[in-house]
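K.L.:
Residue numbers (my numbering), protein chains in the order written: chain U, 1378 to 1529; chain S, 1261 to 1313; chain B, 157 to 402.
Hints are computed from structural coordinates only; laboratory data are not their basis. Some hints here could point you the wrong way.
[Stated by the list, open to error] With a straight-line Cα cutoff of 30 angstroms, these simulated DSS-like cross-link-like pairs (lysine-lysine) come out: (1) Lys-321/B / Lys-1464/U; (2) Lys-1472/U / Lys-1426/U; (3) Lys-1505/U / Lys-321/B; (4) Lys-1505/U / Lys-1472/U; (5) Lys-1501/U / Lys-1472/U; (6) Lys-1379/U / Lys-1501/U; (7) Lys-1426/U / Lys-321/B; (8) Lys-1379/U / Lys-1426/U; (9) Lys-1464/U / Lys-1505/U; (10) Lys-1426/U / Lys-1464/U; (11) Lys-321/B / Lys-1379/U.
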Amino acid sequence: MKPAIQRRLFLLGALLVAGGALGVIAWGGIGDNLVYFWTPAQVAANADKAVGATIRLGGVVQAGTVHWEQDQQLLTFTVGESTVDTKTPLQVEAKSAPPQMFREGIGVVVEGTMRTDGVFSADKVMVKHSNEYRAPTGEADVKKLYATVEDL
Amino acid sequence: MNGTIEGGWGYVIAVYGISWGVLLGYAVVLLFQSRSAPAQADGTTHSQPGSTT
Amino acid sequence: MTHRSYIVGAVLLAIGFATMAVGHFIGLFVAPREAMMGDVGRILYVHVPTAWGALLLYSGAFIAAIGSMWTGRRGWDAATTAMVEAGTVMTFLLLVQGSLWARPTWGTYWTWDPRLTTSAVLAAAFGVVLLLRRLIDQPARRAMATSVATIVAFVDVPIVYFSVKWWNSLHQPVSNLGSVDSPMMQPLLIAAIAIMFIGAGLSILRFRIELARLVAEEAAPDLPDMPDPLHLEGSDKPVQAEGSPS
Chain U
1378 MKPAIQRRLF LLGALLVAGG ALGVIAWGGI GDNLVYFWTP AQVAANADKA VGATIRLGGV
1438 VQAGTVHWEQ DQQLLTFTVG ESTVDTKTPL QVEAKSAPPQ MFREGIGVVV EGTMRTDGVF
1498 SADKVMVKHS NEYRAPTGEA DVKKLYATVE DL
Chain S
1261 MNGTIEGGWG YVIAVYGISW GVLLGYAVVL LFQSRSAPAQ ADGTTHSQPG STT
Chain B
157 MTHRSYIVGA VLLAIGFATM AVGHFIGLFV APREAMMGDV GRILYVHVPT AWGALLLYSG
217 AFIAAIGSMW TGRRGWDAAT TAMVEAGTVM TFLLLVQGSL WARPTWGTYW TWDPRLTTSA
277 VLAAAFGVVL LLRRLIDQPA RRAMATSVAT IVAFVDVPIV YFSVKWWNSL HQPVSNLGSV
337 DSPMMQPLLI AAIAIMFIGA GLSILRFRIE LARLVAEEAA PDLPDMPDPL HLEGSDKPVQ
397 AEGSPS
């Protein structure tokens, strides 16, 4: 076989392999097995599997549920599917100080495990930022927070 | 825990410092190396036997 | 007597770094702080352009790899190598930047989020391409290995891009015109244009070095027992080809 033809056959093969791999990952459902976090509803639906296993739970911190005990370094809050979740909100207990951006209504991903009493015990609390980058002039409450930062 | 990050310039300076340092450093190395590289058209006459790769 | 491509590369770099300095100056000192991330949000203006630069360089390498396998010319081989290396420099930068941004915002330097995981795979895969290249002495075979490895590694590029859409992720989704306020969009775009120039300049200079190496190597092969690569190509075939006695 001529080198040129051989090279081009290899090219065809490489492109087919690459395209096939991408197709399988994009549309073949392999991605369904790659789960970074479970939502509260998914945890609720698989409660038996969630207990004892190290998993990540992702959701929105529910308003009015955040308690931070400075002395015990104990943070408790409730995580829901959305900003207001009345169906499957989940109680979370973490033994670490939250990141600075932590607040009510923000997206979080917590790492830990479900306890038998139905409380999620977290070792790590991570805050999710949206793809929105806003100047601090839009909302009034944010502006107020901004002002307090400026005063420091 | 008030929802905004206070301070944090340290991280900003570190990121910008590393980024500029690496990009500029890499650019300078390439500028230096490609200057001494023989021009592509007549390159064959300037071969360096045993040149390290 | 400097070759024209050297001057072009140097000028592109000069324009790129000057433009990036302007964009970063605006981003650091003129643009407002981000509502929630405060000053840390300014990392946006270097992190996002770096990501775009890396993905574009890898896309260029992918095209050059196809050109290399189609034509067999060493210019395409040198171009593939140049863009893979420049892209990998940017990808490693990307991981470091992201890590230093994640600590104050998310609360951790690293987590196996889909975007982060696929980006780490990207750096590793193209790192392997560069390593592979150093391990193979025979030019035609090395060009083939480089091209095939580049095409396969490139599969991860769209996966990195779409990872935030396909899977649950901690990383923020792709930024767009609506999601970034205009006083922040301006420095972001300036820095993004700047990194295109820098990427192009780096690629051209690295291409010159690689091409000179290939030319020198052909004139005086490193290994004494190595036959002329041009004739070797037909007789000593890679593993998968059928060996014909001739």
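K.L.:
Please go over all the hints and tell whether each is borne out by the structure.
P.N.:
Each hint, compared with the structure:
For the suggested pair Lys-321/B and Lys-1464/U, the alpha carbons sit about 25 angstroms apart, so the restraint of at most 30 angstroms is met. Using a Cα cut-off of 30 angstroms, the hinted pair Lys-1472/U and Lys-1426/U holds, with the two alpha carbons roughly 23 angstroms apart. Restraint check: the Cα-Cα separation between Lys-1505/U and Lys-321/B comes to about 15 angstroms, which is no more than 30 angstroms; the hinted pair holds. Of the pairs offered as hints, the one joining Lys-1505/U and Lys-1472/U holds, with about 19 angstroms between alpha carbons and a cut-off of 30 angstroms not exceeded.
Taking the CA atoms of Lys-1501/U and Lys-1472/U, the gap is about 8 angstroms. The hint holds against a cut of 30 angstroms. Proposed proximity of Lys-1379/U and Lys-1501/U is contradicted: the alpha carbons are some 59 angstroms apart, above 30 angstroms. With a C-alpha separation of about 26 angstroms, the suggested pair Lys-1426/U and Lys-321/B falls inside the 30 angstroms cut-off, and the hint holds. Between Lys-1379/U and Lys-1426/U the CA atoms are separated by roughly 58 angstroms; this puts the pair beyond 30 angstroms, and the hint is violated.
For the hint pairing Lys-1464/U with Lys-1505/U, the CA-to-CA distance comes to about 22 angstroms; that is within 30 angstroms, so the pair holds. The straight-line distance between the Cα atoms of Lys-1426/U and Lys-1464/U is roughly 20 angstroms, inside the 30 angstroms bound, and the hint therefore holds. About 44 angstroms separates the Cα atoms of Lys-321/B and Lys-1379/U, which puts this hinted pair outside 30 angstroms; it is violated.
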